[in-house]
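For the record, the sequence lines run as chains A and B.
Each step along the first sequence adds one to the number in the working numbering, with nothing skipped, and position 21 is 21.
Each step along the second sequence adds one to the number in the working numbering, with nothing skipped, and position 57 is 186.
Hint data in this document are derived by calculation from the structure and do not stem from the laboratory.
Given the structure is predicted, the values throughout are model-derived calculations rather than measurements.
Treat each hint with caution, since some may be false.
[What the hints assert, rightly or not] Simulated restraints, written as ranges between beta carbons of each label pair:
id, chain 1, residue 1, chain 2, residue 2, range
1, B, PRO167, A, MET1, 17 to 27 Å
2, A, GLY17, B, ALA194, 23 to 33 Å
3, A, ARG79, B, ASP193, 20 to 30 Å
4, A, ARG82, B, ILE131, 21 to 31 Å
For every residue, glycine included, the Cβ atom is placed at its ideal position computed from N, Cα and C.
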Amino acid sequence: MLGAHARALGLRFVSAGDDWAEYALDYRDALAAAPDDRVIATSAIITMMDNACGMALRMITKGDARTFATLDLRIDYHRAVRQEQGVVGRARCERLTEQAAFLRGSAHDGDPKDPVASFVANFMRTDAP
Amino acid sequence: MIAAGAYAELLGIRVERRDGRLRAAMAFTPDLVGRPDPPRLHGGSVAGLLETIGLAVARSAVPDARLSLLATSIDFLRGGQPHETCAEAEIVKLGRRVVNIVATAWQDDRGKPIAQARISILIARG
Numbered sequence: 001m002l003g004a005h006a007r008a009l010g011l012r013f014v015s016a017g018d019d020w021a022e023y024a025l026d027y028r029d030a031l032a033a034a035p036d037d038r039v040i041a042t043s044a045i046i047t048m049m050d051n052a053c054g055m056a057l058r059m060i061t062k063g064d065a066r067t068f069a070t071l072d073l074r075i076d077y078h079r080a081v082r083q084e085q086g087v088v089g090r091a092r093c094e095r096l097t098e099q100a101a102f103l104r105g106s107a108h109d110g111d112p113k114d115p116v117a118s119f120v121a122n123f124m125r126t127d128a129p
Numbered sequence: 130m131i132a133a134g135a136y137a138e139l140l141g142i143r144v145e146r147r148d149g150r151l152r153a154a155m156a157f158t159p160d161l162v163g164r165p166d167p168p169r170l171h172g173g174s175v176a177g178l179l180e181t182i183g184l185a186v187a188r189s190a191v192p193d194a195r196l197s198l199l200a201t202s203i204d205f206l207r208g209g210q211p212h213e214t215c216a217e218a219e220i221v222k223l224g225r226r227v228v229n230i231v232a233t234a235w236q237d238d239r240g241k242p243i244a245q246a247r248i249s250i251l252i253a254r255g
């Protein structure tokens, strides 16, 4: 179910529902941004959220053979991830149209009420299955 | 070569200075693939390349400061082919508290970028 890049990072599927999906990325040193800080790189959070969006879209379009590609995304980093903490991210599809999908989500490092980042992404339908 | 951290290494990203500019290059490996058929780079790997060059450029402008990413916005313009990807960044504004950066990633044709990012970075001086 996970693609090559997701597996290379150690991303793991947590849960999904009608219009949402949740993934997690456990801490390991290879994911740290700066050499000595032992904090998961911010772009690893982007990868996690992008995967959560992709799965949320598979959930909401059950049976639809066409796929989606990320058109754009924005992530706001509310605060730094804590040292040696993994992250969990959930994305929900707010609206699905003929051409596009609009998703929103957030990531946390242990407490969903204290997110590390908020996330918005637009996906476009592709023609190929 | 400029040290860019463990995560950049995981993604196969090198940062070098050439002709007075910093450039990041991400070699293609199958570990970067998102959609497999036909193979396309995972958008997250391109995001990693853009944030890496953005931070490197910011660091070179304010070497004494502690920097933290505030926000990143990315437009994915073209699918990433299974080729090397390069990226450069420019400082749009260097403020007292915030650096605003635009970073662009391309593959075979610099005139046809695959992604572009706006990145804002917080400066904590001292």
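Tested hints:
no. : hint                              : in the structure
1   : PRO167/B with MET1/A: 17 to 27 Å  : holds, 19 Å
2   : GLY17/A with ALA194/B: 23 to 33 Å : violated, 43 Å
3   : ARG79/A with ASP193/B: 20 to 30 Å : holds, 23 Å
4   : ARG82/A with ILE131/B: 21 to 31 Å : holds, 27 Å
Checked against the numbered hints above, the structure breaks only hint 2 and satisfies the rest.
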